Every structure is written in structure tokens, then in C-alpha cells.
Amino acid sequence: MNPGLFPRSVVVAIVMVAGTLFVACNSAKDAGAAGDAASRVYVAPGTHDELYAFMSGGFSGQMSVYGLPSGRLFRVIPVFSQDPEKGWGYTEETIPMLNTSFGFVPWDDAHHPEFSMTDGVPDGRWIFINGNNTPRIARIDLTTFRTTEIIEIPNSAGNHSSPFTTENSEYVVAGTRFSIPMFENQDVPIESYKENFRGMLSFVSVDKEHGNMDIAFQILMPGFDYDLAHAGKGPSADWMFFSTYNTEQAHTMLEVEASQNDKDFIAAINWKKAEQYVAQGKAKKMPGRYAHNVYDEKSHTATSTMKDGVLVLDPKDCPDMIYFLPTPKSPHGADVDPTGEYIVGGGKLATVIPVFSFSKMLKAIDAKKFDATVHDIPVLSYEAVLAGEVEKPGLGPLHTEFDNDGNAYTSMFVSSEIVKWSLKDFTVLDRVPTYYSIGHLMIPGGDSKKPYGKYVIALNKITKDRYLPTGPELTQSAQLYDITGSKMKLLSDFPTIGEPHYAQALPAELIKEKSVRAYKIMENTHPHVTLGEKDTRVERSGKVVRVYITSIRSHFKPDVIEGIKVGDEVYFHLTNLEQDWDTPHGFAIKGARTAELLVMPGETQTIKWLPDRPGIFPMYCTDFCSALHQEMQGYVRVSPAGSSVALKHNGLKQ
Amino acid sequence: MDRTSRLLLATAALLLVGTFVLPLWQIELEAPQYPEGLGMNIFLHTVEGASPNDLESINNLNHYIGMKRIEPDSIAELAYMPFIMAGMIVLGLGAAAWGRRWTALAWVLLFAVLGVAGMIDFYIWEYNYGHDLDPRAIIKIPGMSYQPPLIGSEQILNFMAHSYPGIGAMIAAVSGMLAAWAWWRSRPRPPRAGKLQRLDNDLGRNVSPN
Numbered sequence: 000m001n002p003g004l005f006p007r008s009v010v011v012a013i014v015m016v017a018g019t020l021f022v023a024c025n026s027a028k029d030a031g032a033a034g035d036a037a038s039r040v041y042v043a044p045g046t047h048d049e050l051y052a053f054m055s056g057g058f059s060g061q062m063s064v065y066g067l068p069s070g071r072l073f074r075v076i077p078v079f080s081q082d083p084e085k086g087w088g089y090t091e092e093t094i095p096m097l098n099t100s101f102g103f104v105p106w107d108d109a110h111h112p113e114f115s116m117t118d119g120v121p122d123g124r125w126i127f128i129n130g131n132n133t134p135r136i137a138r139i140d141l142t143t144f145r146t147t148e149i150i151e152i153p154n155s156a157g158n159h160s161s162p163f164t165t166e167n168s169e170y171v172v173a174g175t176r177f178s179i180p181m182f183e184n185q186d187v188p189i190e191s192y193k194e195n196f197r198g199m200l201s202f203v204s205v206d207k208e209h210g211n212m213d214i215a216f217q218i219l220m221p222g223f224d225y226d227l228a229h230a231g232k233g234p235s236a237d238w239m240f241f242s243t244y245n246t247e248q249a250h251t252m253l254e255v256e257a258s259q260n261d262k263d264f265i266a267a268i269n270w271k272k273a274e275q276y277v278a279q280g281k282a283k284k285m286p287g288r289y290a291h292n293v294y295d296e297k298s299h300t301a302t303s304t305m306k307d308g309v310l311v312l313d314p315k316d317c318p319d320m321i322y323f324l325p326t327p328k329s330p331h332g333a334d335v336d337p338t339g340e341y342i343v344g345g346g347k348l349a350t351v352i353p354v355f356s357f358s359k360m361l362k363a364i365d366a367k368k369f370d371a372t373v374h375d376i377p378v379l380s381y382e383a384v385l386a387g388e389v390e391k392p393g394l395g396p397l398h399t400e401f402d403n404d405g406n407a408y409t410s411m412f413v414s415s416e417i418v419k420w421s422l423k424d425f426t427v428l429d430r431v432p433t434y435y436s437i438g439h440l441m442i443p444g445g446d447s448k449k450p451y452g453k454y455v456i457a458l459n460k461i462t463k464d465r466y467l468p469t470g471p472e473l474t475q476s477a478q479l480y481d482i483t484g485s486k487m488k489l490l491s492d493f494p495t496i497g498e499p500h501y502a503q504a505l506p507a508e509l510i511k512e513k514s515v516r517a518y519k520i521m522e523n524t525h526p527h528v529t530l531g532e533k534d535t536r537v538e539r540s541g542k543v544v545r546v547y548i549t550s551i552r553s554h555f556k557p558d559v560i561e562g563i564k565v566g567d568e569v570y571f572h573l574t575n576l577e578q579d580w581d582t583p584h585g586f587a588i589k590g591a592r593t594a595e596l597l598v599m600p601g602e603t604q605t606i607k608w609l610p611d612r613p614g615i616f617p618m619y620c621t622d623f624c625s626a627l628h629q630e631m632q633g634y635v636r637v638s639p640a641g642s643s644v645a646l647k648h649n650g651l652k653q
Numbered sequence: 000m001d002r003t004s005r006l007l008l009a010t011a012a013l014l015l016v017g018t019f020v021l022p023l024w025q026i027e028l029e030a031p032q033y034p035e036g037l038g039m040n041i042f043l044h045t046v047e048g049a050s051p052n053d054l055e056s057i058n059n060l061n062h063y064i065g066m067k068r069i070e071p072d073s074i075a076e077l078a079y080m081p082f083i084m085a086g087m088i089v090l091g092l093g094a095a096a097w098g099r100r101w102t103a104l105a106w107v108l109l110f111a112v113l114g115v116a117g118m119i120d121f122y123i124w125e126y127n128y129g130h131d132l133d134p135r136a137i138i139k140i141p142g143m144s145y146q147p148p149l150i151g152s153e154q155i156l157n158f159m160a161h162s163y164p165g166i167g168a169m170i171a172a173v174s175g176m177l178a179a180w181a182w183w184r185s186r187p188r189p190p191r192a193g194k195l196q197r198l199d200n201d202l203g204r205n206v207s208p209n
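Top to bottom, those sequences are chains A and B. If you're matching positions, the first sequence starts at 0 in numbering that gives the first Met the number 0 and goes up one per residue. If you're matching positions, the second sequence starts at 0 in numbering that gives the first Met the number 0 and goes up one per residue.
The hints are simulated quantities; they were obtained by calculation from the structure and are not laboratory data. Please note that a few of the clues may not be correct.
To be verified - Pairs of lysine-lysine residues, derived as DSS-like cross-links and limited to a Cα-Cα distance of at most 30 Å, are as follows: (1) A:Lys533 to A:Lys589; (2) A:Lys207 to A:Lys262; (3) A:Lys368 to A:Lys391; (4) A:Lys488 to A:Lys460; (5) A:Lys283 to A:Lys367; (6) A:Lys589 to B:Lys67; (7) A:Lys533 to B:Lys139; (8) B:Lys67 to A:Lys533; (9) A:Lys306 to A:Lys262; (10) B:Lys67 to A:Lys652; (11) A:Lys297 to A:Lys460; (12) A:Lys488 to A:Lys542.
Predicted model, so just to flag it, every value in this text is computed and none were measured.
Please work from the sequences and hints to get the whole structure.
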């Protein structure tokens, strides 16, 4: 400052006042939304966030899309659960997406979103997510933000360690949380667990160009619980690491019975070797029924194909394919650092965080430093593969991600904190509380070769007093921390849908320009498309009535239909003729026991309607589309079965 | 005309080839709901949306005020304007080949008359679209018409309409100026060298006229 401009006493006074303000700000509780933190998460109205975050919806079965750092919710993508708002799982086109070998399953428990990767870095093409309960993997297209494929995983139960991907998304994996009896011999006493129950690790191939999934092969494993996984990268790219617990093989009261062994395992699977064994014909074709559902963006229609039979590798026929790394106390996370050298186990009940060295693992394998062989799988010596242990990290280490400066961040469920530690000397550098009971955490790109860094997000299970109460059921939450400095700093927290088990984030630039604005109507190949009002019509064939109806601001064509009879099966095939940005139309009809339609510009969607009584049934547009939205309505007349009222409508094709 | 003037006239005629592919006029529409903007490009032979679906969107919006659809196929001018322009190119090249000075002037004048006629026609076209409204229009505001400005900006309900020449029109203007210059510079004059000499003498310099 120029000392000539102000008398010295004024300068001193200004500095003192500023200092007082600074101290006052810093002393605010948790520094949650104070001063600097508020400006870090403030994204001015009309401006865009720096990152997209995709969070699992947990028991909602869906996936949510947020902006970071603002924490603004943009969209809930329906995946495994019916969503009447979007007609998902209600329209004739989307019902097949929820088909399984058990039939139509309208719900699942969605845990782990995972981006498709190219060279170990998110490529912004697709995001995968697992269905835990009825084992499935879904693929979401990041140009449409829509679920375009769901594949069921046969010979599986509790698809938890999924859908983690290899470095170039050659595979997404699916590991069984529950071991179960496999193949023909399923009706067995539960207490015969140790003889009859087995685990299964599935490798689901991903088509490089179109992303289509296929069950490439499965590996029959000992009857443990397989919890989480992550692929190696760089030098370890050929390997996939699965954490296990319940190596005690208990079948009841697991909270006690599965917590007895000092060490469970991380299973290191050489998937390149597994591929070779499959190519050599070592895999046996085994039974396994599963549904494979694909949504076509041109016909706007899903098809479900039932398949049977999978190729299964048995480790006893496949030497040098799997090794166990002994890992303390029921590990959750099996996380690989950006260089691919370190594998971090998150032992839920452990007092240390073990860090394994991939290069030491290879040496130990060469030197055959095995402590034992468990179910035909060699167990490597703990000391031989250990790079180091993080001492006194906190209680309940679960999951670790990484920044781009050689640091790791581990979530601590029991002590409810994030612990930052160094990959150089495995010492704790910083810790910060979470509110409360963090499960996973997520650093944008933090499970990839090139972490984007800047933030870590805590995904919390419990919120109690953090927000205004909403009765007994409270929201879960995400908390955003700044990790650019030496100390982690809480910036904000925001509620989430369902339970956010895990999340992924990437720079918005990677996908925002590719976002589809409307489907091209002339490319619409739906079998019941209406390519213009001139083709609007109603056709009857026996009891089946098909209404070829269009929407454009602000009317339906036809909007007057008579001659429908009780007992008819009426299909409204609504084609939205709009081609403008952000112009969906909705469609609802009184008494429909299904849901509404929400039809994007250029798209055709169908709702089936079974009129059960005579009368006049209003229909209308549900998505406020224009100034004359309230005028966007029509009437359907239903006459008694056997009535002589003729089919009549004001469509343009009579 | 000397060789340079004839070349200029030929260039002026050939420049007009550009008007076959570049828009003559542009109309842009801004409204709160259209942060991305809507626009129409008017070519010699057609009217296109600035973005692929803009024309359809504009037509869809116009139905609220009862305006006729803008259908390029039914606008007669768009059918014959390319022939007029092609004729101008042929005439210009012919005049350059023939080399008589008056042909350059005649070409410029013809071009100017056609340009003014085109603008008048465009105005009438805009007037008709803006005034010839469906009596059963959804939105009717007494005394309100929806004629876009010929050139400049105007607020029409929730839309701010901007109308201005496109690159094609600018090329046509440059073409006209080149032809006028060809005519002007080939006017009868005293010998160039003498003039230069006199000028240089006035300035007190002595430059050899070479």
C-alpha cells in the first residue's frame, strides 16, 4: 500500500477491523456456509456447474444427477424402479427394460455408479450401475441421460461388487455378495452352506462402439461374501481386485459369525489370464437364465431377450489366475491408486489400513510366497505383499479414493470422518468430521488414473439434526469438502435421493455439448409412429384399438374419440411432433391404472388403457408446455360392451 | 473501358455467384424462453432456419397469432430470383467482354433497380405475413400487427426481432460498387502522366513520371 495515500493510523485501523472480521468468520460453527466456503459453492443463477455428479439412489433404484460444486439436483434417471412421472416401466416401450428371469421386477437397490473408461480415465460415454437385489447391471447413455440397457447376472445373489470397470471398459464386473447353491442343485439345507454354497464373479463385456453388454464368463469362487472391487490400472491393468468377508462361511448371525477371522481376503484376479483360459476352452458351459434388455433410441422401444447358459471357469482348472491377499477384518473397499501400484483394503473392523504393493505381489507370486491354499486358491503372505499400514486411521475404514498429489482419502463409518493420508509414508495428514456416518466417499476422477481432485464428497447414511426434520424418515446427505489445501474444508452439504452409496463425477465439458436436445422425428422408426398430423387416426382390430395420436403446442390430434367399448384394449401411441428444445408433452387419461406418458420431442411412447366402465374420459397434457397448455385436452367416449356406437374421431386420416 | 475496368466488371459479376450459397437476409428472434435464439436465413432460392428446426419452431409459434406458415416452396420469388441473379451474372460478363463503358453503367443501374424492387417486394412480403392474420387466431390484440422490421430491431410481443442483411446482400453491394467503380475510373481523362507531373511540381518535388 502506498503510505503516502493514507495516514498510518488509518491503515492500522483498517487492518485491525479486517482482522477482527476474519476471526469472526472463522469461528462460525463448522465454517459450513460461511464467507469463503459460500462463495466456493455459489454458482450464479444462469451459470453452469463445473462438474456433473452421478449418485446412486440406493433403495430408490434410480440414479440422480447433481451439479458440483453447487449441489443442485438436475435429474433423477429412472433405472431399476418404475417411475410414473416419466412413464418408465409403465409404457409399452419401457416395460421390457424391467424384465428379468423372475418376470417383471419393478424395483431394485442401486449402489455403485461407474463411468465407462478409456485408458483409465472417464470418457463420458456411459455410466453403469448395479442392481443389488435381483442381480443386474444397467448402462445409461450420457447423451440422453437414459437407461439404454439392463443385463441380468445369472448364478448370482446380491450383486454388490459391481459394476466396476477395467481400464478400457473391456469388462464391467459383478460379484456375489451372497453365496448360494449354484446350477441344478439349489434346494439344499441352508446349514449345508459350507458344502453347497459358492460365490461367483462375473465378467460382463462391453462393446467398444455401442456399449452393449454380454456375460463373457464367470468364475466359480469359494462361498464367501464378495463386497466391492476395483480394477488395476497401468501396470496392474490386467487385474481386478475384489474384497471378501465372511471367509468364516457363516450362514446365520453374520454380524458375529463373520467377524471372527483376523484376516479375510482381497481376491486378485488376472482377467487377461482368465480370457486366455476361456479361449483355450477351459470354461464349462453351465446353466444360468438371464434377461438382456436393450432400449433402441431410434424405435424408442425396448426389447427383452431371455438367454440361458454361461461360460464358467473353475479356479482349480486355472492356475495362476487368482491369488488371495490376506486383508484385516472384513474389508469393504478394494481401491487402487492412480499409478496402479497400491491396492488399499478398507477393513471395516480393522485398526489399520493395509496398503498392498502390486509389484511386491508379482514378486511374491514368482517366489511362491504362499501361506496357504484356500479352495484351490493360493493365499499370499501378508508381509510379502504389504507396502505399509496406515496406523490409527480412525474407526471403521470403508472406502478410499485418491487425489492427484499422492494422497489418499479414506471414509471412516464408525468415527464418522474422512482421513487424508500420504501414499509416500502411509501417515495420516488430516482428518475432518462428516455428519454422520459416512459410507463411500468420492473424489471426481478419484478412482481413475487422473483424479480431477479439488473436492471430496462424503456420502452420509445418517443426518439426524442436520436439516429441518421431516418425521421419522430423514434424508441422507452428501457433503462437499475442498481438498486443494493441506487441510480439508467443509464447503456445503445437501440432501440426496434414496441412499447415495457411491457416486462418480466428471468435468461438465466432457459431456454437456453432446447432450441430445430432441430426437429427430424423421429418424423415428417406432412401429406405431405418426409422422405428422395427416396420419393421425384410430384403428380397431377386434378388441384392440390403436390410437395414433400426436402432440404439438397446444393440442392433441385426434382429441375427440368415440366408439371405444368397455372391455377394449386401447393403446395410445403418442408421437410428440415437436422438434424444439425442452418441449416434452405429457399425456394422462382419467382412471388409468398405469401412469402418465412423458414424451420427448420426436419420440413415440405408448400407454395401454383398459376402460372398465362407460362414460366420458378426459385426457390432457400433464407437462406445462405453452400458454395454452390448459387447453391441451380431449375426450374419449366409452360405450358399453356390445354397443353399436361406431368408431369416430377427428384425426386427419379417416 | 480499359483492361482493369473490364476485369473489375467481370469480377463484380462473378462475385454474385456467392449469393447462390450465402444468405441475403437474416431475421433473428430473441425471447426469454429462447436463450439459444431462433433465426431465419433468407437465400435467393429458399428460406431456412438458422438452426435445423428453427423454421418449424417459428411456424409453430406463429400459429398462435394466426400468421400463415412460411413455406419456402410456395413463395414465388424464391423460384425466379436465382434466374434473375444468373441473368445479371451473364449480362455483367457480357458487358465486360464487350468493353463499352455505358454497359457498365447500365448494369449498375439495372442492378440497383432490381435491388430496390427486391427490397420493396420483401417489405410487401413482410407486410402481408404480419397483417394477413387468421381471424380465428388464438392471440388477438386489437391494432397489433406482427410485421418484422425491414432492417433494424423491433419488439413483437415477447420476441425482439432483428432484421439485417446477410453476407449474400453484402456481396451484392460490393459487386455493385465494383461495377460502379469500373464505370467511374474509365471516364475520359487527360493523360495520367501530366497530372502526376503537375501535382509533383505543386509539391515542390521532382519525380520522374515512370
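Hints and how they fare:
{"no.": "1", "hint": "A:Lys533 to A:Lys589", "verdict": "holds, 27 Å"}
{"no.": "2", "hint": "A:Lys207 to A:Lys262", "verdict": "violated, 38 Å"}
{"no.": "3", "hint": "A:Lys368 to A:Lys391", "verdict": "holds, 28 Å"}
{"no.": "4", "hint": "A:Lys488 to A:Lys460", "verdict": "holds, 20 Å"}
{"no.": "5", "hint": "A:Lys283 to A:Lys367", "verdict": "holds, 28 Å"}
{"no.": "6", "hint": "A:Lys589 to B:Lys67", "verdict": "violated, 36 Å"}
{"no.": "7", "hint": "A:Lys533 to B:Lys139", "verdict": "holds, 27 Å"}
{"no.": "8", "hint": "B:Lys67 to A:Lys533", "verdict": "holds, 18 Å"}
{"no.": "9", "hint": "A:Lys306 to A:Lys262", "verdict": "violated, 39 Å"}
{"no.": "10", "hint": "B:Lys67 to A:Lys652", "verdict": "holds, 23 Å"}
{"no.": "11", "hint": "A:Lys297 to A:Lys460", "verdict": "violated, 40 Å"}
{"no.": "12", "hint": "A:Lys488 to A:Lys542", "verdict": "violated, 65 Å"}
Going down the numbered hints, you'll see the structure goes against 2, 6, 9, 11 and 12, while the others check out.
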